[in-house]
Structures are given as C-alpha cells and as structure tokens.
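Protein chains: 2
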Amino acid sequence: MSAVAPERASAVAREVLLARAYLSRVAEPPAPALAAYVDDVGPVVAARHVRAGTTSGPGALPPGVAAETAARRDTDRAGSDLALLANRGGRLVVPEDPEWPAAALAGLGVVAGADGADGLEGAPAREGPAVPLALWARGPGRLDDAPRGAVAMVGARAATDYGLWVARDWAADLADRGLTVVSGAALGIDGAAHRGALAVGGSTVAVLACGIDRAYPPSHATLLDHVVRRGLVVTEYPPGTTPARHRFLVRNRLIAALTAGTLVVEAAARSGAMRTALVASGLGRAVMIVPGPVTSAQSLGCHELARRPEVSTVGRAAHVVEEVSRVGDGYAPPPGSPSRPTDGLDPAAMRVYDALPLQTARTAVRLAHDAGVDPAGLATHLSELEARGLAETDGGRWRRRPG
Amino acid sequence: MSAVAPERASAVAREVLLARAYLSRVAEPPAPALAAYVDDVGPVVAARHVRAGTTSGPGALPPGVAAETAARRDTDRAGSDLALLANRGGRLVVPEDPEWPAAALAGLGVVAGADGADGLEGAPAREGPAVPLALWARGPGRLDDAPRGAVAMVGARAATDYGLWVARDWAADLADRGLTVVSGAALGIDGAAHRGALAVGGSTVAVLACGIDRAYPPSHATLLDHVVRRGLVVTEYPPGTTPARHRFLVRNRLIAALTAGTLVVEAAARSGAMRTALVASGLGRAVMIVPGPVTSAQSLGCHELARRPEVSTVGRAAHVVEEVSRVGDGYAPPPGSPSRPTDGLDPAAMRVYDALPLQTARTAVRLAHDAGVDPAGLATHLSELEARGLAETDGGRWRRRPG
Chain A
1 MSAVAPERAS AVAREVLLAR AYLSRVAEPP APALAAYVDD VGPVVAARHV RAGTTSGPGA
61 LPPGVAAETA ARRDTDRAGS DLALLANRGG RLVVPEDPEW PAAALAGLGV VAGADGADGL
121 EGAPAREGPA VPLALWARGP GRLDDAPRGA VAMVGARAAT DYGLWVARDW AADLADRGLT
181 VVSGAALGID GAAHRGALAV GGSTVAVLAC GIDRAYPPSH ATLLDHVVRR GLVVTEYPPG
241 TTPARHRFLV RNRLIAALTA GTLVVEAAAR SGAMRTALVA SGLGRAVMIV PGPVTSAQSL
301 GCHELARRPE VSTVGRAAHV VEEVSRVGDG YAPPPGSPSR PTDGLDPAAM RVYDALPLQT
361 ARTAVRLAHD AGVDPAGLAT HLSELEARGL AETDGGRWRR RPG
Chain B
1 MSAVAPERAS AVAREVLLAR AYLSRVAEPP APALAAYVDD VGPVVAARHV RAGTTSGPGA
61 LPPGVAAETA ARRDTDRAGS DLALLANRGG RLVVPEDPEW PAAALAGLGV VAGADGADGL
121 EGAPAREGPA VPLALWARGP GRLDDAPRGA VAMVGARAAT DYGLWVARDW AADLADRGLT
181 VVSGAALGID GAAHRGALAV GGSTVAVLAC GIDRAYPPSH ATLLDHVVRR GLVVTEYPPG
241 TTPARHRFLV RNRLIAALTA GTLVVEAAAR SGAMRTALVA SGLGRAVMIV PGPVTSAQSL
301 GCHELARRPE VSTVGRAAHV VEEVSRVGDG YAPPPGSPSR PTDGLDPAAM RVYDALPLQT
361 ARTAVRLAHD AGVDPAGLAT HLSELEARGL AETDGGRWRR RPG
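Quick mapping for you: the protein sequence lines, in order, are chains A and B. Counting in full-length UniProt numbering, the final residue of the first sequence is number 403, and the numbers go up one at a time with none missing. Counting in full-length UniProt numbering, the final residue of the second sequence is number 403, and the numbers go up one at a time with none missing.
So here's chain A without its partners, still in its complex pose:
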C-alpha cells in the first residue's frame, strides 16, 4: 500500500482507457443510452462515433446517445485526466478490467431495462440508473468482490450524537468482522461510518459525487486522505466535477449497488439516505434501519422506511451481518417489483435478446453464435421475442425493437 502509486500497468489497452475516460466526461451520469451503446459497439468505436457526432448514415448515433452527448462531445480531456489520476496514484477501473465490480453493477443495467423505467419510487421516470462508464479510483482497496462483503452505512448530515455514536460503533464492529463499510464521505453519519471502520484498521470505501481530485466536504479533506491511504475513494465523475444536488442522488445508486445491503442509521423524513435505501431495495439488496427514539426527527425517516415489508429493523451490528449474508446469490429484485417485457423468457431466449443489436440488424447465424444457443432452436426464440415486441426483422436480419 503506498500513498502515491504509479498508474497501474493495466491489462486494459490504452485506447480503451482513453475512450472510457472521454466517454465518462461526455455525458452526465446516469447516461443509460450511452451505457447501452458502449455495451453494444464497444468503448473505442463508441467514443469515435460520439466524437464525430454523426446523426445519419453509417456510424450514426442512436438518438438517445446523440442527445446525452450533444452538449459535451467536443470536450476531450481524456489524456490529461488520466495523467492527473496517475499523478495522484489513482487508476481508471473499467469493465474491461478484472477489477470491475461486474456482479455489483449488473443490476443497474438490468433495472434500466428495455423500457427505460427503473421502477423505483422517487427515481427518475425516464432514465434508468445505468451502469457507470468507468470508475475513477484512488486507494489500495478493491471492488472485485462487491457487493459481497460490503455494507453501505448512510444517513443524515445533521446527525444526532446518538446516530454518530451508532454509526461509528457499528462501522467499527462490522469492519472488525471483515466487512467493507461503504459510504459517501458526507458530514454526519457518512463520516462517522468511515471513521469507525478506519479506527479498527478495517476496510472502507467512499463513493464521491464529484471529481476524484475534489475534497468534499472541505472539512473532510483529512478523512478522505485517510480513506485514500487505507481504503478506496471512487467516483464515476471525471476530475474537476463539482458536487451538485442531483449528483448526490445519482451517486447514491452506486453506494447501493456496490453493497450487499444498505443500513440507514439516521434519516429525516425525506432524505438522500432514504433514496439510497429505495435503490438498494430495487436492486434486491438488504435494506436495514437503525431504530431510534420515536421522538427524534432524525429517526423519522428510518421508522417510515421500517413500514416497508422488505426493510429490516436491526438492533445491533450482528443483525446487519445476518441480513447481508441472507441476500440472494443473484441479487434478484424483490417480489412485487414491476414487470418487464423480458420477464418469463427462458434463459436461452434471454441470451438471444441480449445478443440483439440496437441498430444494425444481424443474421440468425451471427445471433446464434453471439448468444451461444443452438441454431436449430433460434427461430423459436426469435418468434417469441417478436411476439413480445422485443425483436424485429429487417430483410431477414434481426435487431432489438426500440421500446
């Protein structure tokens, strides 16, 4: 572990890192259309097309991608951003890298779904939560195993002494049991959670709503330095990005996604912590609240959350361990979550669906190859997808039908 490590000799090609660094700045997260497009054509091609901004003919951007990137496509600071990151001993973690927390973040892509709705109460109606395009990271901590072994502790900035005590004490207890404590580095509960984990030499991750080069809140600069030295500071925002309210909300989905469960220590009636809890619930992760006096305004949000059937009241750190070890292997969305057009597809049909391109239709032979399904059964799967309005033909080739 070193304070300033050189940029890792990444297994990832430099052009991929540059492409993703560029793409990470070119659209404001969450950018579900861009994320899907990059997933489809790869980051290098996507970056080239976004840079060109072509809206018709070969290499034309899907309208959603064009819209998401129109404002910033001319801003390319990928080289200097990566240099800045390297200077600070950081690294760009990308999906092409084994460190990418694919299992943790996959849910964000799934929830975004074909219809673009994420089904979460209070979440954006027209944007899915979307997988991030890259994660700017500093520190020896790693995310490979996320969400397994990681717990989010979130809560009020204006916390009470009680909340601060619980956050710090339980974070220490959980870190001592080998769990990674994930939070947002904010004043109040977040800071106490990071400090509790650090106090016992445990693992902690701070997920920022600003660039990796920013210390926010300023009074937590020293705390963030500690986390960089002994844990991990991570953000999907490129260097220089300033914190803004909407970014805290967007950032919260990563805190939920990177952990097996979210514990709300204190929360007023409406708060970002409650939103993080709802996202965690939508992702099928454990949602827990610390009970407090019913007379405390800062426990009000916790007690309101506790009314939801999927939310557990936990009385001690051991209960948190029980809850997060109970989370299913697939992190399936909880029963009662809204239906999707792909619900009920058998796994092979789902793979065919996943293999369908958004733009340029592909031959059946190519689809069978990409999906790894028996070509003999492909026609059946395609008919089913067509009947469900999920696929369409174009001169004997197939593509996804826009939803």
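Because the hints were derived from the structure by calculation, they are not lab data. Bear in mind the structure is a predicted one, so any value in this text is a computation, not a measurement. Beta carbons are placed, not taken as given, at the ideal position from N, Cα and C, and that holds for glycine. Just so you know, not all the hints are guaranteed correct.
What the hints assert, rightly or not - Interface residues of chain A toward chain B, partial, derived using beta-carbon atoms under 7 Å: (1) VAL294; (2) HIS303; (3) THR313.
Stated by the list, open to error - Listed next, the stretches of chain B that the computed footprint assigns to chain A, with coverage defined by at least 3 CB atoms under 8 Å from CB atoms of chain A: (4) 161-173; (5) 306-318.
Chain A is fixed; fit chain B onto it per the hints.
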C-alpha cells in the same frame, strides 16, 4: 355509567352463573380439558360431575378433567363469590351471555387443538392456552366487539422515561381515535398505557392475573379504581386469587386474544411482554414494537422481536392503527430464545414451582391445593423440581431451593 351498579339482571340463568363461578375456581387456568368438557356437556352438568368427582361409571369425568379438578373440587364458593362481585358492582361474563367476546377468544380454543399443543414456543407443551371458563368483570366497558377496535400495550415494569412517555402519549392518541387500550395494570408501561387512555376520556381494559377483589400492584389501587369507573377490569381468576408468576404468563394470553394487535413499548431481552407478543403472533394478531435507542436495555427485547418477519416496527400511533386494521393475514408461529432452569417444565410442574414458598416449607397437600394440581401427580412434579435443583425437602415439607 355508575360507580356501583347492581348485579345485572342477566339473561343467563342463575344456575349457569353459579356453575361457571364454581368451575372458574375448581381448576387452575388454563384448564383445556375442563374447558373442552364444559363446552361438550354444558356448565351445569359439568359442575355437577366435577363436584361428584366420579371417575368411573355414568357421569365419569374424562381423566384430564379429573386431574385438573382433583385438588379443588371440594371448594365451592360460587354463591359468595357472585355476591362479592355484585357488592362491587361487577358481573360474571360467560359464554352464554351476549357480552362474551366469542370472536376474540375462539382462537384460544382453536390453538389448543386436538393434541393439546398450542404451537407456541415457550408455551406449555402439554396444555393449550384454553378459552377461559368465565370472566369476572367490573366497569362500564364491554368486550362484545373484541378483538376489533382493541390494542394491547404491554412492556417493561422497569420502564424508562422514554418508554413511559411513549406509552402514555400513544395510548392517549389511540384512545382518542376510538381504540380501546388493553393492558395488564402492572407498574411501568402498563400503568402508563391505562393512564394515557383515561387522560383523554378514552376506553381502557385492565386484564388482571389475580382476583377481581385484589388491587395489584397495591400502588395501582387508585388507577384500578379509575379503570373500574370508566373502563373495564377483567380476570378469569375467582375472587381472592393472589398474583403469581405463572398467572401473569397465563393472563397474557387473554391480553393478546382480546385485541387486534399487541404493541410492545419497551421490553428487556426476556420478558412477559415478549411472551404476550408471541401469543398474539400465534393467534394471527398484529405484533408491533416501538423502536428505541439501540443503547437502551429496555428496548432490547423490542429490537429482538423486530427481527421476526411478522413483527412490525411502528414509529407513531397512526402506524398502530394501520397495523390493527390489517389483521387477518395469518402470521407464522415464531421460533428461538435463551434458556432458564424452569424451561421445559410442564405447566403443572411450573405451578407447583410457583407455589413453593421461599422460607417455611409446606406440606404436599397444601402445595397441591395452592398449585391446583392433581395430588396423585404431585410427587412426580416435586421429584422433577428437586432433580433440577429448584426444590428441596425439609422434614417431609417442601420449599423453593435458593439460587
């Protein structure tokens, strides 16, 4: 409503009242065999046969009934008990009376079941909870509509200021919304709950673990007078019955049964309030806990209860209203908790244990009478208690073994 009303001109025949008053004293509750027998042959015939004590030939008692009634069948104070009740403005509520809370209590009979097991952890293994044979009642309040519209508020005797505040405040709020607040008149949470309901002129019911003529705890004599004047004091124990530990546990089943939901305001890790909650759960009623600081020993039991899927954390009185109006979904019976030397004792042995004096040893005959157990089986119970280190002999007499 009057402080001293004459005995009601009951629609119930005097001989039925006398029979049930006699039967109510002749067996220690819960007496599932006797309850089933009375249900089968009617109270008048049952009383005649029990008095005769015939064990063979025509009118022979079923063995279970003979055992339950052997120790006390010669004690018939029905006439004087009813006179005492009338003198105090009370009434004997019996199943033959329209006031009998049949819907509320039916569950006790069902749960007792054919095999005598009630399926509740920690509950008697060989006795069902059993419907009471009669209810001795004083006060203008009525039970006809129970469990609808009634909420149990239970909790620690050694309550904190926080718990007392919540009990009183929420009881007032619930009573103000037209709900009847049912509790056990004990020190701490129980008393605060009754007082809160009374403070707003609301309805409240105190269910005693002793005779209707006893004020227990003595410091609540005035409170009980208030409840008699404006609510209802009720018990299945005949006049003169003294409070004993096993009677509190038995009484708790009535608190659970008479209400649509049980709210545990504060409870230490093992407590009678938790048992009431488990009985309520077994009866399919709502079980709710008031959250408190995780640092408070008196909220520990609440937070442990909250781990059960059927238990709801409620943050304000309005949540309680939501929960009790939701009752009827059928909750799963509960699992697990720590052990005591008296765990696993059958109910009769437990009653013998409770009847053992701490100081001056008593004869077996006296113990059988006090405990209301079959004298023929007493030696077995005493041997078991001695083997467990719970009882010791002193010149042929018995007392509790210290420690």
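Determine which of the earlier numbered hints do not hold for this structure and return their numbers in increasing order. Nothing - there is no hint that the structure violates, so all of them hold.
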